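Sequences and hints are given; from them, build the entire structure.
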Amino acid sequence: MTTPAAPTALIADDEPLLREVLVGLLALQWPELRVVAQARNGLEAIEQFEALKPDVCFLDIHMPGSTGIEVAQRIGGRAHVVFITAFDHYALEAFEQGALDYLVKPLQAARLTGTLARLRERLRTQQPVVNSEALLAQLAASLQPREPAAAPLRWIRASVGATVRLIPVDDIDYLKSDEKYTLVAWRGDGGKQGEAFIRTPLKALVEQLDPARFQQIHRSVVVNLNAISHVTRGDNETADVYFKHRSEVLPVSRTFLHLFKAE
Amino acid sequence: MPVVELIFYVASTPAGAPPFWRVPTRAGSFGALTFLGMLVSSWVAMTALMRERDESTKRAERARGELERQALDARLRLLQAQVEPHFLFNTLANVQALVDVGSPRASPVLASLVSYLRAAVPRLSEPVNRLSQELEMARAYLALMQMRLPDRLEFSVQADAGLERLRCPPTTLLTLVENAVRHGIDPSLDGGRIDVSVQLRGERCLAQVRDTGVGIAPGSGGLGTGLSTLRERLQLAFAGDADLRLSEVLPHGVLAEVEFPAQT
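Same order as they appear, the protein sequences are chains A and B.
When we follow this note's numbering, the leftmost residue of the first sequence carries the number 1, and every step to the right adds one.
When we follow this note's numbering, the leftmost residue of the second sequence carries the number 1, and every step to the right adds one.
Hints in this document: simulated from the structure, not taken from any laboratory.
The model shown is predicted, which means the values in this text are computed figures rather than measured ones.
Wrong hints could be hidden among the right ones.
To give an idea of the interface, some chain A residues facing chain B are shown, with a C-beta separation under 7 Å as derived from the structure [said to hold, decoys possible]:
hint	residue
1	Pro-16
2	Leu-25
3	Gly-65
4	Pro-106
5	Leu-107
Label-pair distances were calculated between CB atoms; the ranges are [what the hints assert, rightly or not]:
hint	chain 1	residue 1	chain 2	residue 2	range
6	B	Ser-228	A	Thr-238	34 to 44 Å
7	B	Gln-70	A	Leu-52	55 to 65 Å
8	B	Gly-202	A	Ala-110	55 to 65 Å
9	A	Ala-6	B	Asp-100	21 to 31 Å
10	A	Ala-6	B	Ser-156	37 to 47 Å
Note that the Cβ used here is the ideal one computed from N, Cα and C, for glycine as well.
Printed below as a string of structure tokens:
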């Protein structure tokens, strides 16, 4: 990266207003810097970077297509990266721990001054970039747990007639595997009993449900504990589950019987 | 009770003495005690029953108090949510930055924010929230979002004539619209449309918010607390006679529907 007389920059953010503000602030605070590219998403950012090889890249963390971190990883050591992040407790914590440059939305002129001074110094003295692979991986990891992928499922997509409904898991009475499909017995519109089918096998579904709320009672049946009205125990190690809003009675298999033993 | 008494009388008879029912004074007192016992026990039973009834009234009162407290809580939280300081702060800071760099867009953004606030600030003079307010707020919010994402968001808001006076819990439409922006349009490369419509269906009011955003990824926990709390609020406001439904829009997107009794 040789530093020509006029350093160049790329701005990537999905909000045009923010790009406009940043372009304006840069013109005021760093008039020599030429903004050569503006990208609306991560994919455009990578494309434009490869085409124009700017010295500095301002990358919004949350962009559709490809995140700012992913773009930075593609850019590697070829440019100085400054991240732009929304005001967010977790993101700020992640940045404060690391050495990466970042700006917080909404952008403030005063905060920009310090960051730009550091960047200029680095360009002038031809220092290597701080956005190392290790730091980026660390940042990606610290922002990861915020993605709710591991959180229990809250809605289930299921076909009801011709439409695909999103059924809140709270409204499910029980789930039952039925050869190819899983039957979802739920309280639909106005609390009326509804039945829907989904392709996800019961076993895969159970793994995504909140174990404190959903309990398997049979090889092929999982019930919502909140939907149970009572359980009766019969002779011979049997038990039946009754629901608050349904007339069906479901048997508990021997394997799960211990769950319904009185204390 | 008489049984215990009998045992007591038999046991207290000294050895060698005739059984108590042969002794006139003792037999008399036995009779009197038995009668008294009957009276006392039924009285005890009665007070127990009364106490039980009292208890259940108190329980009901406590439950009602709890409900009232919850309603008040919800109202307070709502006041905060409706004006959402965070959103307000962000938009104002954006306006300031636009002014700083001399952008001609500062003024239209500020104008949109003002109309949003006008719609969002609760009207204390109105005893209930009306659909007209909800529509205004949804429109103003979408207009602001369109300034944020001009190349990625188109929208329409329409309602059947004469629905403006209908009762509608505060931020019902706004919650659905916010969800559509946040989970449908924001993550989408190409953006999409958000269409809001409110119709009268017989005795009921049907509000629909349809977006053509990315839709819901399988297994995503994304569509979260906003919608769950809206459900609760609707249930509270219409004593359980309201529905919130979500379904998929093809090829991608979400249709969120709220249905509730049309009341003024």
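Status of each hint after checking the structure:
1. A distance limit of 7 Å between C-beta atoms decides the matter here; for Pro-16 (chain A) the minimum to chain B is near 6 Å, and the interface restraint holds.
2. Taken as an interface hint, Leu-25 (chain A) checks out: its beta carbon lies about 6 Å from the nearest beta carbon of chain B, inside 7 Å.
3. Here the hint on Gly-65 (chain A) is kept, as its CB sits about 5 Å from the closest CB of chain B, short of 7 Å.
4. Using the Cβ-Cβ criterion of 7 Å, the hint placing Pro-106 (chain A) at the interface with chain B is satisfied: the shortest such distance is roughly 3 Å.
5. The restraint placing Leu-107 (chain A) at the interface with chain B holds, with a minimum CB-CB distance near 5 Å, inside the 7 Å limit.
6. Separation of Ser-228 (chain B) from Thr-238 (chain A) is about 36 Å and conforms to the stated range, judged on CB atoms against 34 to 44 Å.
7. For the pair Gln-70 (chain B) and Leu-52 (chain A), the supplied restraint of 55 to 65 Å holds, since their beta-carbon distance comes to about 58 Å.
8. At about 59 Å, the CB distance of Gly-202 (chain B) to Ala-110 (chain A) agrees with the hint of 55 to 65 Å.
9. For the hinted restraint 21 to 31 Å between Ala-6 (chain A) and Asp-100 (chain B), the CB-CB distance of approximately 23 Å keeps it satisfied.
10. Checked against the hint of 37 to 47 Å, the pair Ala-6 (chain A) and Ser-156 (chain B) passes, with Cβ atoms roughly 46 Å apart.
Against the hints set out earlier in the document, no violation occurs for any number.
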